[in-house]
Amino acid sequence: DTEVTQTPKHLVMGMTNKKSLKCEQHMGHRAMYWYKQKAKKPPELMFVYSYEKLSINESVPSRFSPECPNSSLLNLHLHALQPEDSALYLCASSLGSGGPFGELFFGEGSRLTVL
Amino acid sequence: GNSVTQMEGPVTLSEEAFLTINCTYTATGYPSLFWYVQYPGEGLQLLLKATKADDKGSNKGFEATYRKETTSFHLEKGSVQVSDSAVYFCALSGGSEKLVFGKGTKLTVNP
Chain A
1 DTEVTQTPKH LVMGMTNKKS LKCEQHMGHR AMYWYKQKAK KPPELMFVYS YEKLSINESV
61 PSRFSPECPN SSLLNLHLHA LQPEDSALYL CASSLGSGGP FGELFFGEGS RLTVL
Chain B
1 GNSVTQMEGP VTLSEEAFLT INCTYTATGY PSLFWYVQYP GEGLQLLLKA TKADDKGSNK
61 GFEATYRKET TSFHLEKGSV QVSDSAVYFC ALSGGSEKLV FGKGTKLTVN P
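Chains as they are written, first to last, in the numbering used here: chain A, 1 to 115; chain B, 1 to 111.
Chain A extracted, bound-state conformation (with noise of 0.2 Å):
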């Protein structure tokens, strides 16, 4: 098994609702990350969790809000957002952070829409 499955596919929100991105993989991979995607842009990172430990925040906003439950899932827990943030949320795992190899498996990614 070599895929990371993202739930939902897209998601329509108000500012004022609380949702939740979800990710999962069971590669046996041990870091694990959230990208924000913007049209036509890269993607840029929000959050890295290494061994279930948040390692990196990349100066998010906390109305975004990361939750490790286990080194398999990784959720993005989502409140009173704004309309720029509306992007496509990418989630990628890799086998462990830093190290030589860097290569990261992303999911499809949840594509959010705030209205």
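Everything labelled a hint here was simulated from the structure, so no lab data went into it.
Being a predicted model, the structure only gives us computed values, none of them experimental.
Note that the Cβ used here is the ideal one computed from N, Cα and C, for glycine as well.
Not one of these hints is a red herring.
Partial selection, computed: residues in chain A whose CB lies under 7 Å from chain B:
hint : residue
1    : Pro-42
2    : Leu-45
3    : Glu-103
Straight-line Cα separation of at most 20 Å, EDC-like style, residue types lysine to aspartate or glutamate; simulated pairs:
hint : chain 1 : residue 1 : chain 2 : residue 2
4    : B       : Lys-60    : B       : Glu-76
5    : A       : Lys-40    : B       : Glu-42
6    : A       : Lys-41    : B       : Asp-84
7    : B       : Lys-98    : A       : Glu-52
8    : A       : Lys-38    : B       : Glu-42
9    : B       : Lys-98    : A       : Glu-44
Position chain B against the provided structure of chain A, taking the given hints into account.
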């Protein structure tokens, strides 16, 4: 800091044409280099990689050689197909948890 510069395109080619997408990098130490591809409506997929100087990564007819002397990792394919239409990202891993991406190059292949 580490950075990647790639030609932004868009690039439009006819089927069976030769493809080159240029990528150069700036990094301290010995980074690993990657090409990722993003098909319309999908996430990113690793296309190929090289982890040390003079390594050649290859996959699906695409090739790229890690050139330390010119700090380059250009993507090439001898004969593109319509199905190769996608956005291609050059990326660098400097040994930290951060993958540094280029801005992406959109390729359109016409029949």
